[in-house]
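A.B. asks: With the sequences and hints as input, model every part of the structure.
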Amino acid sequence: MAVAARLRERWWPTPSSAQSRPLTSRRDDLVTLLVGIWFVVGLFVDAWAHSNRPQLETFFTPWHAVFYSGFVATAGWVCWLVWRNVLAGRRGVDAIPVGYGPTMFALGLFILSAVADLIWHSVFGIEQSLAAVFSPSHLGLGASMLLILTSPLRSAWANPSMPAAPALSGFLPAALSVGAAAGLFGLYLTFANAAGWSAESIVQAFSTIREGDGTTRTRAAMLAGDVALTNAMLLAPLLLLARRWRIPVGTATAVYGVFGFLSCSVDAFEHRSTFAAVVVAGVAVDALVRWLRPGPGHRGRYWAFAALAALVTWSIYLAAASIAAGRLPDVVEYWTGMPVIAALHGLLLGVLFLPDTKRHPGRQTATPDVGLAG
Numbered sequence: 002m003a004v005a006a007r008l009r010e011r012w013w014p015t016p017s018s019a020q021s022r023p024l025t026s027r028r029d030d031l032v033t034l035l036v037g038i039w040f041v042v043g044l045f046v047d048a049w050a051h052s053n054r055p056q057l058e059t060f061f062t063p064w065h066a067v068f069y070s071g072f073v074a075t076a077g078w079v080c081w082l083v084w085r086n087v088l089a090g091r092r093g094v095d096a097i098p099v100g101y102g103p104t105m106f107a108l109g110l111f112i113l114s115a116v117a118d119l120i121w122h123s124v125f126g127i128e129q130s131l132a133a134v135f136s137p138s139h140l141g142l143g144a145s146m147l148l149i150l151t152s153p154l155r156s157a158w159a160n161p162s163m164p165a166a167p168a169l170s171g172f173l174p175a176a177l178s179v180g181a182a183a184g185l186f187g188l189y190l191t192f193a194n195a196a197g198w199s200a201e202s203i204v205q206a207f208s209t210i211r212e213g214d215g216t217t218r219t220r221a222a223m224l225a226g227d228v229a230l231t232n233a234m235l236l237a238p239l240l241l242l243a244r245r246w247r248i249p250v251g252t253a254t255a256v257y258g259v260f261g262f263l264s265c266s267v268d269a270f271e272h273r274s275t276f277a278a279v280v281v282a283g284v285a286v287d288a289l290v291r292w293l294r295p296g297p298g299h300r301g302r303y304w305a306f307a308a309l310a311a312l313v314t315w316s317i318y319l320a321a322a323s324i325a326a327g328r329l330p331d332v333v334e335y336w337t338g339m340p341v342i343a344a345l346h347g348l349l350l351g352v353l354f355l356p357d358t359k360r361h362p363g364r365q366t367a368t369p370d371v372g373l374a375g
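As numbered in the working numbering, residues 2 to 375 make up the sequence shown, in order.
Please keep in mind that the hints were generated in silico from the structure rather than gathered at the bench.
Virtual Cβ for every residue (Gly too), placed ideally from N, Cα, C.
Among the clues, some could well be false.
Said to hold, decoys possible - If you anchor each label on the Cβ, the simulated ranges turn out as follows:
#, residue 1, residue 2, range
1, W78, V332, 48 to 56 Å
2, R273, P356, 34 to 42 Å
3, L353, L140, 24 to 32 Å
4, G226, S170, 35 to 43 Å
5, L119, D357, 44 to 52 Å
C.D. replies: Given below as structure tokens:
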């Protein structure tokens with residue numbers, strides 16, 4: 002039991018146990034994020050190539066070069082963080098910075114997945130479009146990248162010096178971290194990402210009640226489903242952060258901006274109005290942050306923020322599409338009701354993330370979820 006408790010403390014520390022472990026600085030976490038985004042961008046470029054350059058039926062492509070060179074830079078940087086602590090006299094697991102335990106595991110998982118990816122492509126060729134998302138080797142790469150990208154979040158989560166209401170400058174690595182993670186999800190769920198719709202396709206989808214003989218799923222239903230899933234991808238990072246801290250103004254813009262950039266880059270920013278709508282929605286949600294000041298000690302404000310953030314986001318999404326297309330969707334019930342449904346969805350997420358405030362007072366002494374720090 003004592004051994005198990007010690008291992009848990011080392012790999013999944015709380016702020017109190019983190020005091021005896023090496024911590025990373027804001028600069029360290031920011032560099033981790035930037036080199037991580039390097040190979041995430043490589044992945045998105047590769048995803049674009051899968052859809053637009055099918056003649057490149059080989060593993061050795063320029064897109065893979067960007068992707069894997071980004072990983073080498075990331076692995077080198079993380080290993081340097083550990084080696085720096087070894088030089089300071091720490092040994093074994095104690096040399097791994099707080100929050101970076103899962104990152105070390107992810108580096109090994111990435112290497113195994115990369116070897117599997119080479120074998121997979123050699124045997125089955127280069128997947129096209131949606132098939133690439135479900136490739137087992139690609140799923141392994143995605144899981145490892147998710148762990149790497151969220152290193153700054155885990156570091157901040159367990160850092161006892163992080164105030165309950167941090168300034169944006171110190172909080173930015175954690176905010177960008179969850180935004181990048183959401184964008185990565187957006188790539189793997191590209192078949193259900195509302196950021197991938199053009200303005201005209203949005204208006205057309207909500208202008209038709211039935212298609213064909215009515216036996217197939219309508220485009221309106223497809224768009225509504227994509228909005229529901231994307232709503233969760235955008236809100237969940239913000240609600241997670243607001244469950245731990247009173248998030249600073251600018252957090253939503255950072256999360257939405259990174260998500261929108263990564264999601265729209267797959268189509269080479271062909272749908273510029275949709276990208277602009279996501280960014281503007283992030284700015285509007287930050288206005289709600291300033292007004293409501295959601296945090297772990299204010300359940301009512303937290304719930305209101307969850308609902309209103311969704312309402313504002315998808316109202317702007319539809320407004321931007323209508324302006325770009327030059328007309329409103331024909332079915333009034335669709336474009337008036339969808340933001341309301343999204344708001345109810347947001348409220349549900351808020352209730353699930355923060356059902357009560359007994360264990361989450363609005364102070365730094367709040368008990369964190371141990372599983373988020375490692």
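A.B. asks: Regarding L353 and L140, is the given constraint of 24 to 32 Å on their beta-carbon distance met?
C.D. replies: Check passed, 26 Å falls within 24 to 32 Å.
A.B. asks: Indicate whether the distance between the beta carbons of G226 and S170 respects the range 35 to 43 Å.
C.D. replies: Holds, at about 38 Å.
A.B. asks: Against the range 44 to 52 Å, how does the distance between the Cβ atoms of L119 and D357 compare: consistent or not?
C.D. replies: holds, 49 Å
A.B. asks: Does the beta carbon distance between R273 and P356 stay inside 34 to 42 Å, or does it fall outside?
C.D. replies: holds, 40 Å
A.B. asks: Quick check on a hinted range of 48 to 56 Å for W78 and V332, using CB atoms only.
C.D. replies: Since the Cβ atoms of W78 and V332 sit about 51 Å apart, the hinted range of 48 to 56 Å holds.
In terms of the numbered hints stated before, the structure departs from none.
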